[in-house]
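A.B. asks: Protein chains in written order, with this note's numbering: chain A, 2 to 573; chain B, 227 to 405.
It should be emphasised that the hints constitute simulated quantities derived from the structure, not laboratory data.
Where a beta carbon is used, it is the ideal one built from N, C-alpha and C, also for glycine.
Check before you lean on any hint, since a few could be wrong.
[As the list claims (entries may be wrong)] As a list, the in silico DSBU-like pairs of lysine-lysine whose alpha-carbon atoms are at most 35 Å apart:
#1 LYS401/A with LYS461/A
#2 LYS290/A with LYS292/B
#3 LYS179/A with LYS292/B
#4 LYS288/A with LYS292/B
#5 LYS461/A with LYS358/A
#6 LYS380/A with LYS358/A
#7 LYS401/A with LYS310/A
#8 LYS499/A with LYS380/A
#9 LYS205/A with LYS310/A
#10 LYS310/A with LYS290/A
#11 LYS205/A with LYS290/A
#12 LYS310/A with LYS292/B
[What the hints assert, rightly or not] Per label pair, the in silico range of CB-to-CB distance:
#13 MET227/B with PRO294/A: 24 to 30 Å
#14 GLU405/A with MET227/B: 41 to 47 Å
#15 ASP110/A with SER319/B: 44 to 50 Å
#16 GLY119/A with ALA360/B: 39 to 45 Å
#17 ALA549/A with HIS257/B: 29 to 35 Å
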Amino acid sequence: MSHTGAQLIWESLIREGVEIVFGYPGGAILPTYDAMTEYPVRHVLVRHEQSAVHMADGYARASGRVGVVVATSGPGATNLVTGLATAMLDSTPLVAITGQVGSGLLGTDAFQEVDITGITLPVTKHNYLVTRAEDVMPAIREAFAVARSGRPGPVLVDITKDAQQSRATLDWEGAEPKRHLRHLPLPLDRSELDRALELIRSAKRPIILAGHGIQLSNARAEVLALAERADIPFALTLLGLGAVPATHPLSLGMMGMHGESWVNRAIQEADLLIALGMRFDDRVTGKLKEYAPHAKKIHIDIDASELNKLVPVDVAIAADLGDVLRALLPAVPVADRSDWLGAIREWKGDSAVRDIKNLPDDGHLYAAHVMHDLWRLTKGEAVVVTDVGQHQMWEAQYYKHDGERSLITSGGAGTMGFALPAAIGAKFARPEAEVWVVAGDGGFQMTFAELMTAVQEDIKVNIAVINNGYLGMVRQWQALFYEGRYAATPILSPDFVKLADAFGIHGQRVECRGDLAAAVESARAAKGTALIEFKVEQEDSVYPMVPAGAALHDMIRRPAPSVLAETGSDPV
Amino acid sequence: MSHVLVVYTDDEPGVLTRVASLFRRRSFNIHSLTVGPTERPGVSRMTVVVDTDEATARRAVEHLRKLVNVLEVQQLGVGRSNVIRDLALIRVSAGPLKRSEVLQLVEVFRANVVDIADDSLVIECTGSLGKIEALVDTLRPFGIIELGRTGAVAMARGTRTALKAAVAPLRTGTGAMSV
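Start from the sequences, fold in the hints, and give me the full structure.
C.D. replies: In structure tokens form, the structure reads like this:
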């Protein structure tokens, strides 16, 4: 009986390689916080538990490691739910440890008791209720194994106060998990690989759909090898941005609802889709019945339940993407598809002149300008963490992500308020990286209390608040599909420069493009966290757009300008 | 169309909730679900009958396989290659005048009478889903007062390898750690 349950929690975390946890103390987790002082683990005190999960999420996405969250019972635990759902939908490996009332009080509606394992059941890969000290280590060790294995995801371990206080023997070897191995993918099926090869060989107009799974599988080199060897262009999902370089000659750009018109057209005209680590989300496919009607489909994903879920495919391979591609590559024939690539280039057509960043300066500041200039000024090397809404799509369109894990965004859940806490987590994971938050005025107001966390922890992130005075994406839908009735979308903001001042950080406001570069440079030069408010065009919309439920080629384009831009008018 | 899934799970608190929650979450319609112990301590066996198309049934199997507590899932075809049995208890109205007629029908269906009251009988019947439905239809004109069914338990015919050792439950303690 060498250790308390609380000590065993930290003994387990240290053995799992944990150096930092994000959390908030409270009654039922107090024994664990008390024991924390004996261990070399950094604790980041957040201002709201939801932010703790987003920080751990940003940390995990930026580093590829497991993020760890600690919270107390009751409201502390329920505040985790949105963060867990965000991590679940985007396959982020997390372990959340919550305190729970004493086991004798379970089920009695005791103070700060909630059934958090019941509540989080559908938003975690798995969860545990631990009521004895001897079960702490096996549960945490298995939680890490489950979080990392297969398709990663969040796991919650709820530990009663008496389990933290009572004693048990430390037995790491005896706690070795096995159950998670049950459902790992089987060895590769050669006949499926041969069928995939046959489709690749006979395709004339193939296209690779590159998703988040490429990063999770560390398969960038293999994907690029496939694309280059067989001369196949690739289109990216939102979470796939950065998985393969945006400036690669075979990169087409983002697909889907706000994807480029030529990318979506290429998908609709293709005769083979090679879907790698992506899941045919409705934001990517548009109307399913008319999706890629001429294409055979190969789908490779580690999660077998994603195969044939929405889009029936011709070859479905449930396995680690890197393993599959390494097995395929030697047999993939070298090809030249200049006809197909030329056709796609032609479809770009007048897209460039419609592009807002190429319009003459009319004195207005557009969010697209901000994203484009930010990309140029940071040489595309920043880690950008975006919130949810119009700015998120503009960032995806205009910031060319070449580096792996260089875009962190809530794709599946679309969680507003994600950006600032996730960016703080990302900075902890990669202190040498330049981290930028890009958030709207709406989402930023959801979690800006975490500015104080950044200050208290002495963390530098640079923040671009894209302020258009509206919940812009909802306003855009109201303008397009609800006859311009702006119900509850105009939103006021505090004076962000004064707000920055109140938090003791650098603050600035930019209202025209001419002031943009200097502001970005001074934010970068500022010692700690810095905030720039960009007052942008209020009723600008994200184009192109596939309306929800429409076919992918059925896009709303940005209206063509009456005055064509001259080339080379880029001030940055 | 009905699909029969046999699911081996850890015998721990909360596992039934996880399976049921999965079916609810993904809108898979459960026709019946039975749970019971198996030849192996610590392992439970569920038979789930779902009303859905083939593709959805296959997806249900893949989702079940992702649950940490699930050891193995088999999808049984409907037909002669499997034994599927349901047990029903039927309390049917049968006063002295009707009783012999009911007893004859019970005989035809190879069912048993397990309780007799002044004006009713309780009949126990085991068999395929179809046989039980036929018996229920036959008895309905007499007046069914109460009907209880277990739901299907299914097993493939022929030889079958035992559960692999690798899928053994992790702990066989007191179950204080509920998952």
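A.B. asks: Hint by hint, say whether it matches the structure.
C.D. replies: Status of the hints after comparison with the structure:
1. LYS401/A with LYS461/A: 23 Å, holds
2. LYS290/A with LYS292/B: 28 Å, holds
3. LYS179/A with LYS292/B: 14 Å, holds
4. LYS288/A with LYS292/B: 28 Å, holds
5. LYS461/A with LYS358/A: 29 Å, holds
6. LYS380/A with LYS358/A: 17 Å, holds
7. LYS401/A with LYS310/A: 31 Å, holds
8. LYS499/A with LYS380/A: 30 Å, holds
9. LYS205/A with LYS310/A: Holds: LYS205/A and LYS310/A sit about 26 Å apart, inside 35 Å.
10. LYS310/A with LYS290/A: Given that 35 Å is the threshold and the Cα spacing comes to 14 Å, the pair holds.
11. LYS205/A with LYS290/A: 23 Å, holds
12. LYS310/A with LYS292/B: Cα-Cα ~15 Å, so holds.
13. MET227/B with PRO294/A: 24 to 30 Å: 28 Å, holds
14. GLU405/A with MET227/B: 41 to 47 Å: Roughly 45 Å apart at Cβ, these two residues keep to the hinted range, so it holds.
15. ASP110/A with SER319/B: 44 to 50 Å: Once the Cβ atoms are compared, 45 Å apart, the range 44 to 50 Å for SER319/B and ASP110/A holds.
16. GLY119/A with ALA360/B: 39 to 45 Å: 41 Å, holds
17. ALA549/A with HIS257/B: 29 to 35 Å: For ALA549/A and HIS257/B the Cβ distance comes to about 34 Å; the hint holds.
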